[in-house]
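Novice: Order-wise, the sequence lines are chains B and P.
Take 1 as the starting number for the first sequence in the working numbering and just add one per residue.
Take 151 as the starting number for the second sequence in the working numbering and just add one per residue.
Take the hints with a grain of salt, since some may be wrong.
Derived lysine to any residue pairs resembling SDA-like cross-links, with alpha carbons at most 20 Å apart [claimed, not checked]:
| no. | chain 1 | residue 1 | chain 2 | residue 2 |
| --- | --- | --- | --- | --- |
| 1 | P | Lys-217 | P | Arg-195 |
| 2 | B | Lys-99 | P | Ile-184 |
| 3 | P | Lys-257 | B | Asp-62 |
| 4 | B | Lys-99 | P | Gly-185 |
| 5 | B | Lys-95 | P | Gly-185 |
| 6 | B | Lys-99 | P | Lys-326 |
| 7 | P | Lys-257 | B | Glu-58 |
| 8 | P | Lys-267 | P | Asp-203 |
| 9 | B | Lys-95 | P | Lys-217 |
| 10 | P | Lys-315 | P | Leu-237 |
| 11 | B | Lys-95 | P | Ile-184 |
| 12 | P | Lys-206 | P | Thr-163 |
| 13 | P | Lys-315 | P | Gly-302 |
It is worth saying that the hints were derived from the structure and are not from the lab.
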Amino acid sequence: MRCAVTLLLMALLALPALAVEPSEMLKDPALEARAREIGQALRCVVCQNQSIDDSAAEVARDMRRAVRERLSAGDSDTQVFDFMVARYGDYVLLKPPFKLGTLLLWLGAPLVLLIAAAAIMLTALRRRATAPLPPLSDEERERLRSLLGR
Amino acid sequence: MSRRLLFLLPLATLALMAGFFAWSLMAGRDPASIGSVMVGRPAPRLDLRALRDGDKPLTDAMLRTGKPTIVNFFASWCTPCLAEHPLFTRLAQRDGAVIIGVAWKNKPEEARAWLAKLGDPFLHAGQDFDGRTGLDWGLSGVPETYLIDGNGIVRFHFRGPITEKDVRDTVLPFLKGGKP
Numbered sequence: 001m002r003c004a005v006t007l008l009l010m011a012l013l014a015l016p017a018l019a020v021e022p023s024e025m026l027k028d029p030a031l032e033a034r035a036r037e038i039g040q041a042l043r044c045v046v047c048q049n050q051s052i053d054d055s056a057a058e059v060a061r062d063m064r065r066a067v068r069e070r071l072s073a074g075d076s077d078t079q080v081f082d083f084m085v086a087r088y089g090d091y092v093l094l095k096p097p098f099k100l101g102t103l104l105l106w107l108g109a110p111l112v113l114l115i116a117a118a119a120i121m122l123t124a125l126r127r128r129a130t131a132p133l134p135p136l137s138d139e140e141r142e143r144l145r146s147l148l149g150r
Numbered sequence: 151m152s153r154r155l156l157f158l159l160p161l162a163t164l165a166l167m168a169g170f171f172a173w174s175l176m177a178g179r180d181p182a183s184i185g186s187v188m189v190g191r192p193a194p195r196l197d198l199r200a201l202r203d204g205d206k207p208l209t210d211a212m213l214r215t216g217k218p219t220i221v222n223f224f225a226s227w228c229t230p231c232l233a234e235h236p237l238f239t240r241l242a243q244r245d246g247a248v249i250i251g252v253a254w255k256n257k258p259e260e261a262r263a264w265l266a267k268l269g270d271p272f273l274h275a276g277q278d279f280d281g282r283t284g285l286d287w288g289l290s291g292v293p294e295t296y297l298i299d300g301n302g303i304v305r306f307h308f309r310g311p312i313t314e315k316d317v318r319d320t321v322l323p324f325l326k327g328g329k330p
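Looking at chain P on its own, in the form it has when it is part of the complex:
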């Protein structure tokens, strides 16, 4: 009897693996995701030169105003940034979101021209030309977006462009309730 059960072992192994693969496919598991250690921690240091002429430089105080704030790292050379940009424009215009833009590894004049062409949703904008601030923020590339609550705590970190679904499911609830 026990020997006959032993023959079921390969089948059981197969079922186990099939279950894992099915779960991987269905649950939207992304093995390439590197996660973020920033979530739940105070936002890293923000101390950057202004991107636009006559603008104030970016400071930590801008992240601790009591209002939820979106921080978006972008670059004019980045195609996914182009894709997500209209969402930020709409968030700023229709939903009154406070959005801080950081031009990452981007010549300031090129970033400014890009914003002039596509519309500028940023209340404040800074330049991180050498990527030092990006590193402090645990940035892996552009675009990346952080949702920061009124006390300056990072509540969400998107790696890659945000989508319509992200806006609906995460950004808008966060702006309303302070928590995504």
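Chain B extracted, bound-state conformation:
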């Protein structure tokens, strides 16, 4: 019984599978929470699309340690991000910054949406603008009736 309760508690209290090891964590929970938030936003440089908190790579571990060292030294979150960008470039940010080189990345999808919306609206407007069709002649009306089988 006790074993079952323990197992249940272990299952319920399990943290998401992060690569952050207990020995890496900071004693100060507030600082550790900030480190986690930053770690989720920094990209591991050898794993394409994993944050450093999710990655078990050697370099990701070094980066987690550096984040905690910078925070312990009193750096702001921005300073920590700048520290990483100075070493690994914008690549290290999972959310790319908004600047000239990333304009297409940020505005490309909304732009396509706008173009599509404009095209649809133009077509609709043009359809409305065309003159209404002349009424059917008696002959046509007769043919329509026979086609519909009435």
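We have chain B already, so just place chain P on it with the hints.
Specialist: Showing chain P alone in chain B's frame:
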């Protein structure tokens, strides 16, 4: 007429995409490349314990001697390092290149044994056991190689092993002219 042109739109889209894919394949575009922000900037701090007994520790001054210098991060556990090592040996012996080696996350005795077995092309060698210097240098793993000019400016950063082609096209011209 304009409606008929509209039917060409899917074809035009296809042609555009095919063009992009062809360019990606032919121009050698590597989507996995993370680039390097080090190029064009002064080499990061170098302050490391010597790898070999009786050797001098690595310092910034070693990168500002007026001579172009190669800095190679390696480890004895790294297979690509094994592949590129003969090129450094040749660069040191035949071309008189100044090469600084840094053993990254490697036990010093293992790095020393590795060099003793394969030959040691390094004028100076240091140990970066905890990877702190690697991080300052924007290292993503081993092997990585930096070409640094006589004034201590990083001119080239290879991620991964250097090849015969890299030596011919980049390293040797850099050693001769100071610029790759």
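Novice: Next, verify each hint and record whether it holds.
Specialist: Going down the list of hints, with the structure as the test:
1. Of the pairs offered as hints, the one joining Lys-217 (chain P) and Arg-195 (chain P) holds, with about 18 Å between alpha carbons and a cut-off of 20 Å not exceeded.
2. With a C-alpha separation of about 18 Å, the suggested pairing of Lys-99 (chain B) with Ile-184 (chain P) holds against the 20 Å cut-off.
3. Distance restraint check for Lys-257 (chain P) and Asp-62 (chain B): the Cα-Cα separation of roughly 17 Å lies within the 20 Å cut-off, and the hinted pair is therefore satisfied.
4. Between Lys-99 (chain B) and Gly-185 (chain P) the CA atoms are separated by roughly 18 Å; this keeps the pair inside 20 Å, and the hint holds.
5. Between the alpha carbons of Lys-95 (chain B) and Gly-185 (chain P) the distance comes to roughly 17 Å, so the proposed pair stays at or under 20 Å and holds.
6. For the hint pairing Lys-99 (chain B) with Lys-326 (chain P), the CA-to-CA distance comes to about 38 Å; that exceeds 20 Å, so the pair is violated.
7. A C-alpha spacing of about 15 Å is found between Lys-257 (chain P) and Glu-58 (chain B), which places the hinted pair at or below 20 Å, so the restraint holds.
8. For the suggested pair Lys-267 (chain P) and Asp-203 (chain P), the alpha carbons sit about 16 Å apart, so the restraint of at most 20 Å is met.
9. A distance of roughly 40 Å separates the Cα atoms of Lys-95 (chain B) and Lys-217 (chain P); the hinted pair therefore is violated under the 20 Å criterion.
10. For the proposed pair Lys-315 (chain P) and Leu-237 (chain P), the alpha carbon gap of about 11 Å is at most 20 Å, so the pair holds.
11. Simply put, Lys-95 (chain B) and Ile-184 (chain P) have alpha-carbon atoms about 15 Å apart, close enough for the 20 Å limit, and the pair holds.
12. For the hint linking Lys-206 (chain P) to Thr-163 (chain P), the alpha-carbon distance of about 62 Å lies beyond 20 Å, and the restraint is violated.
13. Of the pairs offered as hints, the one joining Lys-315 (chain P) and Gly-302 (chain P) is violated, with about 25 Å between alpha carbons and a cut-off of 20 Å exceeded.
In this structure, the earlier hints numbered 6, 9, 12, 13 are contradicted, and the remaining ones agree with it.
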